[in-house]
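J.: Assemble the complex: chain A is given as a structure, and chain B must be docked to it using the hints.
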Amino acid sequence: MRQSDKISAYLEIVRQQIRWKKAQPIVLEEIENHIIDQKDAFMRDGLNEEEATARALAEMGDPVVVGEQLDRTHRPKPDYSLLALTSLLVFLGLMVQFSISSNIFLAKWMFERQIVWSVIAVAVMFIAYFADFTIIGRYHKIIFSLLSLLVFVCYLFTGEVHGRSVKMVYLLLLFPTFFAGFVYNMRNKGYGGLILCGLVLIIPAFLAELAPSAAILFLLCVSCLFILTAAVFKGWFNVNKKSALFTMYIPTVITLLSVFLFILMRDGYVSQRLQVILNPYLDPRGAGYVTIMIRRLLTNSRFIGQGLPISGLEDYTVFQLLPEVNTNYLLIYLIYRFGWITFVGIITLLAAFIIRAVIICRKQKSVLGFLISLAIISTFAIQCIIYIASNLGFMLFAPLSLPLISYGGGGLVINMALIGILLSLSRTGYLVRDKMEVGFKKTSFIQYDNGRVIIDLKRTT
Amino acid sequence: MKIDKSLLAGSTIILILKLLEEGDMYGYQMIEELSKKSNNVFQLKAGTLYPLLHTLEQRGLATSYNKTADNAKVRKYYSITKKGRSYLQEKEKEWKTYATAVNKVLGGEIFAAI
Chain A
1 MRQSDKISAY LEIVRQQIRW KKAQPIVLEE IENHIIDQKD AFMRDGLNEE
51 EATARALAEM GDPVVVGEQL DRTHRPKPDY SLLALTSLLV FLGLMVQFSI
101 SSNIFLAKWM FERQIVWSVI AVAVMFIAYF ADFTIIGRYH KIIFSLLSLL
151 VFVCYLFTGE VHGRSVKMVY LLLLFPTFFA GFVYNMRNKG YGGLILCGLV
201 LIIPAFLAEL APSAAILFLL CVSCLFILTA AVFKGWFNVN KKSALFTMYI
251 PTVITLLSVF LFILMRDGYV SQRLQVILNP YLDPRGAGYV TIMIRRLLTN
301 SRFIGQGLPI SGLEDYTVFQ LLPEVNTNYL LIYLIYRFGW ITFVGIITLL
351 AAFIIRAVII CRKQKSVLGF LISLAIISTF AIQCIIYIAS NLGFMLFAPL
401 SLPLISYGGG GLVINMALIG ILLSLSRTGY LVRDKMEVGF KKTSFIQYDN
451 GRVIIDLKRT T
Chain B
1 MKIDKSLLAG STIILILKLL EEGDMYGYQM IEELSKKSNN VFQLKAGTLY
51 PLLHTLEQRG LATSYNKTAD NAKVRKYYSI TKKGRSYLQE KEKEWKTYAT
101 AVNKVLGGEI FAAI
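Taken in sequence, the protein lines are chains A and B. Number 99 in this note's numbering belongs to position 99 of the first sequence; there are no gaps in the numbering. Number 29 in this note's numbering belongs to position 29 of the second sequence; there are no gaps in the numbering.
Computed from the model, here is a short list of chain B residues facing chain A with C-beta under 10 Å:
hint	residue
1	Y26
2	Q29
3	I31
4	K45
5	G47
6	L49
7	P51
8	L52
9	H54
10	E57
11	Y65
12	K73
13	V74
If you're looking for bench data, these hints aren't it; they were derived computationally from the structure. Backbone N, C-alpha and C define an ideal beta-carbon position, used for all residues, glycine too.
Next up, chain A with everything else stripped away, as it sits in the complex (with noise of 0.2 Å):
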């Protein structure tokens, strides 16, 4: 028996007593490493190999021991705070949609659809967490077409709701995660990767602008530079991190400001409708109606209990007055109907959420973990932002969802299945490892460095 067999022949009594898959190969590696250090220390001393090899395994200890000792530190581990706020979440938004489907049309069928949604969006997402994340690293370029060619397909042939696709939105919302996933293929790539990035992301952009959705145009922007800085930061791209900054950010600033500026001069519409999202009065019965009634509904609401009756409009009950405040308005329609403690319930609910989420963005070990669970963090969180806003009466978008807790399926399963991804990282995170060190200097064949040219015939790249 050689004596490398003899190594593999204990190791693999050590992977036999672990029985979470996952967890074998990089503690095996550990494991490995150790025993082969011992052994060359043992032979330095004098031993010859085979009596080196076996004192090594001897020190290591009975493989059974170490292994079942092992096994018992990898278990599979939800993170049950997570998992307890999303489904909290979830029963919530539930329970908000029962207690007004009295009030609306057809909110018995709503609220049994919601149901079915409900039970499909917990599906999805315990699919998500079963699934290996890493996927999205390995064949980012397939994920980010087909997800492009879905969201096409969907813009041909779903129907349009006040003009707008509106299940097209909702997978757009998936595209911050796996531009996470292409962003981690461009390490050391230096400013050409960086730039690819960038040029990546008009395709979403393109698509966002079809729908035509300004909020999911304004997530899509603001998580993926938020995955990009983050990445610049960790020093992804082995560039130097302040120029980077600039490459990234004036372009886009400049682009941004070049299409609000050309939409401003080219569209009286939008530029009226700015002009009312900063005065409402300007056009009570049109465009700054909604913004204006939430305004009144909030200064009539008490801290806790019913709000009071709005002088004129005594008759008209919240769902009367604002539409579709099922999707759009639900927590207006919580500060008045049962004060604002309900508003402070659940925007504790949904920080301790992204809170969680950021403990375990923190635990990856993997870049690849850590842009992921920062990409699905920002989407989360944006939405949140979007629709609460949106709901205070700060009426710069049309609010997308309150993840988890408004009505809509779309919008619940995509989300439930970013929080399966995330339920996965937080699961798993910790054993996945970047092949190669952050920073790595990219070699070239023939160096100048310092002073010395230096020729790398080892080079495999």
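T.: Then chain B, alone, in the frame of chain A:
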């Protein structure tokens, strides 16, 4: 000198954290350092070390990272966290109280001063 195992079990975590307090190390290095520092009293079995290290990591007392050594071997280095440091301080205090008490009983006031 052989030391009873039960005496070692609880203190091993303190010893490992103490080593890491001085600098980041990989597993093999820790065993070497430990036996050097204790004049070969603490001959920690490698098989015990790794489960312990992994537990420390999961409890957030230490973190690990990969680093490529000169011979292109990737080594897993461990590093103590803030939480680990405060845990160590607390445990060190506990240990000193305990050791002083044991010494007092065993050898009277003279040993207690050590």
